[in-house]
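Fit chain B to the supplied structure of chain A, relying on the hints for placement.
Number of protein chains: 2
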Amino acid sequence: MNIPSAKNQRVVIIGGGFGGLNLAKGLRNKGFQVVLLDRHNYHAFQPLFYQVATAGLEPGSIAYPFRKIFSKYSDYYFRMANVLRIDTSARTVNTDIGTLPYDYLVIATGATTNFFGNKQLEQLCMPMKSISEALDIRSLMLQNLEKALLTNNADDKDSLMGIVIVGGGPTGVELAGALAELKKDILPKDYPDLDMRVMDIHLLDSNDRLLKAMSEKTSAKAQEALLSMGVDIRLGTRVTDYDGKEITTKSGEKLRAAMVIWAAGVKAAYPDGLPTESTSSGRILVDAFNRVKGLDQVFAIGDCAAMISEENPLGHPMMAQPALQQGALLADNLDRFRNGQQPVAFHYKNLGAMATIGRNKAVTELPGFNLYGWIAWVAWLFVHVAKLIGFRNKIVVMISWAQNYLSHSRDLRLIIRPFKR
Amino acid sequence: MNIPSAKNQRVVIIGGGFGGLNLAKGLRNKGFQVVLLDRHNYHAFQPLFYQVATAGLEPGSIAYPFRKIFSKYSDYYFRMANVLRIDTSARTVNTDIGTLPYDYLVIATGATTNFFGNKQLEQLCMPMKSISEALDIRSLMLQNLEKALLTNNADDKDSLMGIVIVGGGPTGVELAGALAELKKDILPKDYPDLDMRVMDIHLLDSNDRLLKAMSEKTSAKAQEALLSMGVDIRLGTRVTDYDGKEITTKSGEKLRAAMVIWAAGVKAAYPDGLPTESTSSGRILVDAFNRVKGLDQVFAIGDCAAMISEENPLGHPMMAQPALQQGALLADNLDRFRNGQQPVAFHYKNLGAMATIGRNKAVTELPGFNLYGWIAWVAWLFVHVAKLIGFRNKIVVMISWAQNYLSHSRDLRLIIRPFKR
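Sequence lines, in order, name chains A and B. 16 is the number of the first residue of the first sequence in our numbering; add one for each residue after it. 16 is the number of the first residue of the second sequence in our numbering; add one for each residue after it.
Just so you know, these hints were derived from the structure itself, not from any lab. Hints are not guaranteed to be accurate.
No copy is singled out in the list; a pair is fine if it fits within one copy or between any two copies.
What the hints assert, rightly or not - Using 25 Å as the maximum straight-line C-alpha spacing, the simulated SDA-like pairs for lysine to any residue come out as follows:
(1) K87 to I414
(2) K40 to K204
(3) K40 to E292
(4) K204 to N23
(5) K282 to Q24
(6) K232 to N375
(7) K162 to G113
(8) K364 to F304
(9) K364 to S230
(10) K199 to S86
(11) K22 to E161
(12) K198 to D350
(13) K83 to N167
(14) K364 to R106
(15) K83 to I414
(16) K204 to I410
(17) K409 to F434
(18) K227 to L396
(19) K227 to G367
(20) K83 to W389
(21) K435 to S145
(22) K22 to V281
(23) K83 to G373
(24) K83 to T166
(25) K22 to A368
(26) K260 to S296
(27) K22 to F130
(28) K227 to A394
It should be emphasised that the depicted structure is a prediction, and the values quoted were computed from it without experimental measurement.
This is chain A alone, in the form it adopts within the complex (with noise of 0.2 Å):
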């Protein structure tokens, strides 16, 4: 891989979302030779990926690419890489572009779309876990409107004009909101020779409410909100066969929608080559300092990684906020490691929780106090434009959002590249 070999010892860390790249941060000048590995060659925003699919902002404005970010540090290395193997006996990692011997392995590979082993679904839904993932999302809705345009079959018009969510998590609840927008303020506008009522926004959940992870009156508020802008929510339902015209639910109820977005759910990913004592239930187990059980020298952080204990009996939530708290304890804790010195347990502050749901309405867990409707929203703004990397991006972010809600409108309305199956 064409890495100097170290004067200081070696950080390999597999992933640069929030975890890998928080870490990567706090290990500058701690006298590390510091090597990420990612796929892709930047960092991007999870948390605006439903805006990105829905035309109100551009891919750019949520990336920012790795090199910029080292191009400050030094003894910093960034390789474009698919991570195949981890050689733990070998204290190597095995790549597609060749192998890397670490001294400290930092596993920070985040988490996928589960699927819970449906093929059909799998091969027939729109899952949204990358920039490019949620570029095929803003594409196919749009050229299925285009083809709605192009039939007077009323059953092929409702398909292609039905959008399902599967997922009422803050995923699935900002996607409806601001697909409920689109089809409000923005659709009929576009398309007058479609009659917008056929066009239906199914909301499921397999739970009895929506965002179970945050309290039940924030899971009520966000219903109501999501009910006022005309969304179909459904709870209670699973969805078990899609043949890429209409779904069935376990139920046996029958909804049309060639297009189905799976927020339903994730699972960890990491790479192959762990001994099996060091994962359960499909995450990495870790002790108190991110350490994988039956390791040495090896960490895992973020969504990948289950720091089990009596407080938290499935681990913390597969979340930003877990993956970046972990990213930051750990850099300093590979310092006390190196040294000799005793490492600081983990302890998880819970920051809070917040989702969007529409102009002037979102709903925001704090410690403490909940916020609801405008003042929420305007604290998912501020939070969100703060959490993004780069100047440049968070000036086109808010210009975007400004033009947005002054206009009520979203430009970016464009099939770049048409989404084939």
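Using the frame of chain A, we list chain B on its own:
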């Protein structure tokens, strides 16, 4: 195609580039039904493709959805379609989404990349006539640099870092300048382990000067500026062969480059079905009113049309201005034709030409006087922002340029969708 049969006479426009879109806008409130057919659902601003290719602008900033423009007009229809054939006796257009009868047909299909029949070059060189192709150039440039890091073979490294631009017209000159700036300001920071002296940017042209459509003084100024930026300019040079790693010129020279951008020429593009006498040398013959030779109520404007006169034995130059002007005039003339009035003959008004080379460097030829350097560059900026469609696009492009200028950077060095041959 589900377009209501027209109360008004139907004008079908094939192609929503500069010519077709300007015509569509000009027909507003003239009492026609207007149907625009285009492969894409957006108007693309071709003069800035090179900035998308060189990570300076996002694709969404230079694209604008047709439906957004048409949403304000009545009796206007857009259909995303590939036109397969024109049937001038039946007065229909055959497309991949059905057949459409016309009262007036306007062919505004522009031009496509001309490889002059060399299939090998066509297969391996990168054209830049669509946003998607511009993104492919951006991806391949970055993918090649990532690969260059991995090899110790000097020839392979030379090839992976080498870029050949074939064609010294405005596109080639602008690309060469933008790439030279990337090489100077950004890539050394992004790739500290690559020796950027190895990266050669070659600009080849078969003519004896760059920008041959402009004055000799302007050519000299552009050449001087590019030379000072380190571009290797080779005039009187033709490419005869390319194997994906190395090009061979007519004189037998070899230049290593894993990316060859083909900006050496365009040829008119138009659908099948025109009678032989209607075309010549690959363009559609039109009279002074843009009527296609030998046909009734069929028109052609812009790059695909050749309006040959004593004054213009080769027709007008294949660039934006003639297309825009012909589109505007034809809107009025169609009204005159329908009303039995005398149409007005087209006279091309040369508004000048410009090409930007880099920071504070451009060449601008206006009727009567030329501008060079900083003032030409400012003129270039203003003209391009003014011509962009969409308020959001103007703002985002201005912010992006300001940021690029102040930071000497371009943040969009993203490989969102890797280029695969």
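Results of checking the hints against the structure:
| no. | hint | verdict |
| --- | --- | --- |
| 1 | K87 to I414 | between (28 Å within a copy, 24 Å between copies) |
| 2 | K40 to K204 | between (46 Å within a copy, 17 Å between copies) |
| 3 | K40 to E292 | neither (31 Å within a copy, 68 Å between copies) |
| 4 | K204 to N23 | between (61 Å within a copy, 21 Å between copies) |
| 5 | K282 to Q24 | neither (32 Å within a copy, 58 Å between copies) |
| 6 | K232 to N375 | within (18 Å within a copy, 58 Å between copies) |
| 7 | K162 to G113 | between (45 Å within a copy, 12 Å between copies) |
| 8 | K364 to F304 | within (15 Å within a copy, 73 Å between copies) |
| 9 | K364 to S230 | within (17 Å within a copy, 67 Å between copies) |
| 10 | K199 to S86 | between (45 Å within a copy, 14 Å between copies) |
| 11 | K22 to E161 | between (59 Å within a copy, 24 Å between copies) |
| 12 | K198 to D350 | neither (52 Å within a copy, 36 Å between copies) |
| 13 | K83 to N167 | between (51 Å within a copy, 24 Å between copies) |
| 14 | K364 to R106 | neither (33 Å within a copy, 71 Å between copies) |
| 15 | K83 to I414 | both (23 Å within a copy, 19 Å between copies) |
| 16 | K204 to I410 | between (28 Å within a copy, 23 Å between copies) |
| 17 | K409 to F434 | neither (29 Å within a copy, 28 Å between copies) |
| 18 | K227 to L396 | within (22 Å within a copy, 51 Å between copies) |
| 19 | K227 to G367 | within (14 Å within a copy, 63 Å between copies) |
| 20 | K83 to W389 | neither (36 Å within a copy, 28 Å between copies) |
| 21 | K435 to S145 | both (17 Å within a copy, 18 Å between copies) |
| 22 | K22 to V281 | neither (39 Å within a copy, 54 Å between copies) |
| 23 | K83 to G373 | between (33 Å within a copy, 21 Å between copies) |
| 24 | K83 to T166 | between (48 Å within a copy, 22 Å between copies) |
| 25 | K22 to A368 | neither (42 Å within a copy, 56 Å between copies) |
| 26 | K260 to S296 | neither (33 Å within a copy, 48 Å between copies) |
| 27 | K22 to F130 | neither (44 Å within a copy, 51 Å between copies) |
| 28 | K227 to A394 | within (21 Å within a copy, 56 Å between copies) |
Of the numbered hints listed earlier, those contradicted by the structure are 3, 5, 12, 14, 17, 20, 22, 25, 26 and 27.
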